[in-house]
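J.: Chain residues, written in single-letter form:
There are 2 protein chains.
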Amino acid sequence: MTNLRLIVSGYGRVGRALVRLLLEKGEAVARRHGLELPLAAVVDVDGAAVASGAAGLPLGQIAAGLPPGKGPSTLETWGEPSVTTSVLVERGLADVLVETTPTDLQTGEPGLGHLRAALSHGLHVVTATKGPLVLRFGELNRLAERNGVALKYSAATAAALPALDLGVYCLAGAEIERIEGVLNGTTNFILTRMRRLEETYQEALAEAQRLGIAEADPRLDVGGWDTASKLVLIANGLLGVALTLDQVQVSGIEGVTLDQIRGAAAAGVVPRLLAVAVRDGGAVRASVGVEHLAPDHPLAAVDGAEKGITYFTDTMDRVTVAGGKSDPRGAAAALLKDLINLARERGVKG
Amino acid sequence: MTNLRLIVSGYGRVGRALVRLLLEKGEAVARRHGLELPLAAVVDVDGAAVASGAAGLPLGQIAAGLPPGKGPSTLETWGEPSVTTSVLVERGLADVLVETTPTDLQTGEPGLGHLRAALSHGLHVVTATKGPLVLRFGELNRLAERNGVALKYSAATAAALPALDLGVYCLAGAEIERIEGVLNGTTNFILTRMRRLEETYQEALAEAQRLGIAEADPRLDVGGWDTASKLVLIANGLLGVALTLDQVQVSGIEGVTLDQIRGAAAAGVVPRLLAVAVRDGGAVRASVGVEHLAPDHPLAAVDGAEKGITYFTDTMDRVTVAGGKSDPRGAAAALLKDLINLARERGVKG
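Chains U and C are the protein sequences, given in the same order. Residue 254 in this note's numbering sits at position 254 of the first sequence; the count goes up by one each step and never skips. Residue 103 in this note's numbering sits at position 103 of the second sequence; the count goes up by one each step and never skips.
One thing to keep in mind: the hints can contain errors.
[To be verified] Partial list, derived from the structure: chain C residues whose beta carbon lies under 8 Å from chain U:
hint : residue
1    : 21
2    : 174
3    : 303
4    : 305
5    : 317
6    : 320
7    : 336
8    : 341
Source of the hints: derived by calculation from the structure; they are not laboratory data. All C-beta atoms in this analysis are idealised placements derived from N, C-alpha and C, irrespective of residue type, glycine included.
Let's have the full structure, built from the sequences with the hints guiding it.
T.: What follows is the structure, given as structure tokens:
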């Protein structure tokens with residue numbers, strides 16, 4: 001039985017979904033994968049809950065005792081106010097840091113500090129947080145290599161759409177020559193409504209906000225930055241480069257008019273906010289913008305809030321993956337998947 | 001540097017494509033994955049070529065010196081006439097048997113004997129041959145477990161379409177509740193032509209044969225048996241069962257009339273030869289037959305000779321993968337991928 005002791009950093013929607021998933025799936029993961037994942041600590045802005053023994057925190061009591069708004073440090077038996085993720089990783093109580101704090105594309109914090117601390121102290125990292133990787137991929141990757149630990153981030157690339165894993169595992173040994181992706185469900189939902197229902201951009205955006213698909217401040221999505229962030233992570237993970245967000249040419253969907261959409265429909269093509277990374281000599285060119293796809297392009301069928309990605313390879317031809325849950329439970333499922341694959345590759349630790 | 005010494009069993013189109021791929025990709029695989037794959041022996045019906053040293057056979061000379069029709073035992077320096085795969089695996093000269101002999105769905109031979117011999121002698125197996133797994137999955141799986149070796153067969157499930165790997169790696173930790181697949185390019189090509197061009201079954205089949213997509217004797221494909229074989233392998237690998245081919249309810253496309261296809265088109269649905277595996281209590285029900293898909297079903301867009309598979313899961317929602325080269329080079333690429341993933345999971349041997 002492999003044993004990976006976890007620190008879950010961030011106890012928002014994804015952190016909570018992960019604790020519930022560990023509770024729900026723990027027995028099946030142990031039986032099928034020979035893997036136990038005790039929760040050594042769970043940390044939020046106000047402090048942490050820290051386990052007293054090797055069995056970890058009692059997941060049922062954590063999940064039940066911490067409704068939204070109540071942080072882990074408030075728990076009587078395990079609560080430790082004020083302690084931070086960076087302090088906890090130094091205590092030697094865990095093997096993996098699972099990072100679920102909110103993404104900040106300007107500073108990468110607080111995740112960046114957490115990842116640096118964890119990797120420096122020999123902890124593997126599994127992260128759903130994009131910021132640190134979008135800004136400091138090269139540094140973090142070297143830090144992981146130097147300390148002989150893994151840095152896994154499939155949950156940060158597109159939640160349960162296995163964009164990164166498809167490249168890592170399913171296309172191993174093939175050269176990926178070009179990547180095209182529809183990586184943001186909100187913008188795809190808006191463009192699909194404009195095309196199908198002839199709504200204006202503002203109408204479709206309002207409907208997406210009403211349904212909870214778009215955020216009140218939708219700029220990260222509609223400006224193309226969420227898409228660009230995912231593209232950076234995927235390209236860096238698969239093409240052997242260390243792109244940063246400022247190296248991507250980004251345009252969004254805010255300027256798309258209903259006339260343009262009607263014109264595309266008349267021409268029989270499908271508008272998508274497309275992320276593209278393509279090899280160009282030793283470098284990689286990356287861009288995000290609206291492209292008109294031929295109807296037989298595999299991403300032309302990826303409609304509504306769904307996402308998809310196509311890899312063009314030398315030996316395996318074109319491979320497309322689409323779907324995957326986008327909500328916190330989907331992101332938590334991607335974190336669990338990374339933990340299982342980490343254990344497969346690194347073998348017994350405990 | 002990990003070192004996995006290979007015996008390639010079968011030197012037909014797939015075996016030849018693999019030797020060429022090892023030649024072409026050897027340096028990149030060593031650099032990126034820290035993996036060397038020396039060819040200890042290559043075996044065909046008439047005997048083998050066997051390397052004299054740890055560096056393995058010279059791939060360039062093997063590829064150049066053996067045009068189609070000329071077997072490895074004819075090579076002057078390395079040829080060893082009459083020796084068989086089963087004898088070679090006992091010599092301790094290799095870590096992995098790569099099986100590429102033709103599939104026989106009645107007897108599973110000659111692959112079945114080769115796999116039994118290899119697993120019993122502690123060799124990992126990577127196979128593109130379906131027969132042994134379709135008929136004796138349970139036995140071979142137990143044999144692999146008992147001997148602490150891996151049995152990998154993604155190349156047997158649909159060549160470069162990563163049907164199996166998607167489930168193994170990308171959906172790890174999720175419950176797969178239902179699998180639906182378009183797993184045979186020939187039948188999908190025929191049905192697509194009937195729908196798009198209003199050809200009869202016989203006309204579309206003749207065109208597929210003319211293009212080399214269908215074989216002269218197309219029964220394995222059009223009868224649904226190739227699809228059913230792949231479904232058995234995928235379900236066994238992912239759903240924890242040990243189905244055999246006779247447990248699948250199979251019907252093919254021979255009886256499909258142009259009238260039926262026109263009726264489906266009028267109703268706005270898309271006919272596909274669909275493989276379905278679904279959990280039913282502790283068991284799994286598996287079937288192959290023509291189904292009419294709604295136009296927004298993800299496999300409705302998988303047209304022509306392309307293949308695709310959709311997994312319905314508990315935590316990750318619906319995930320579909322489509323595409324992937326079907327020819328011998330695609331199958332060889334899938335074998336190479338299995339070797340890389342094997343090395344990742346098993347670590348250093350040499």
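J.: Starting from the hint list further up, note which numbers the structure goes against and sort them upward.
T.: Violated hint: only 4; rest satisfied.
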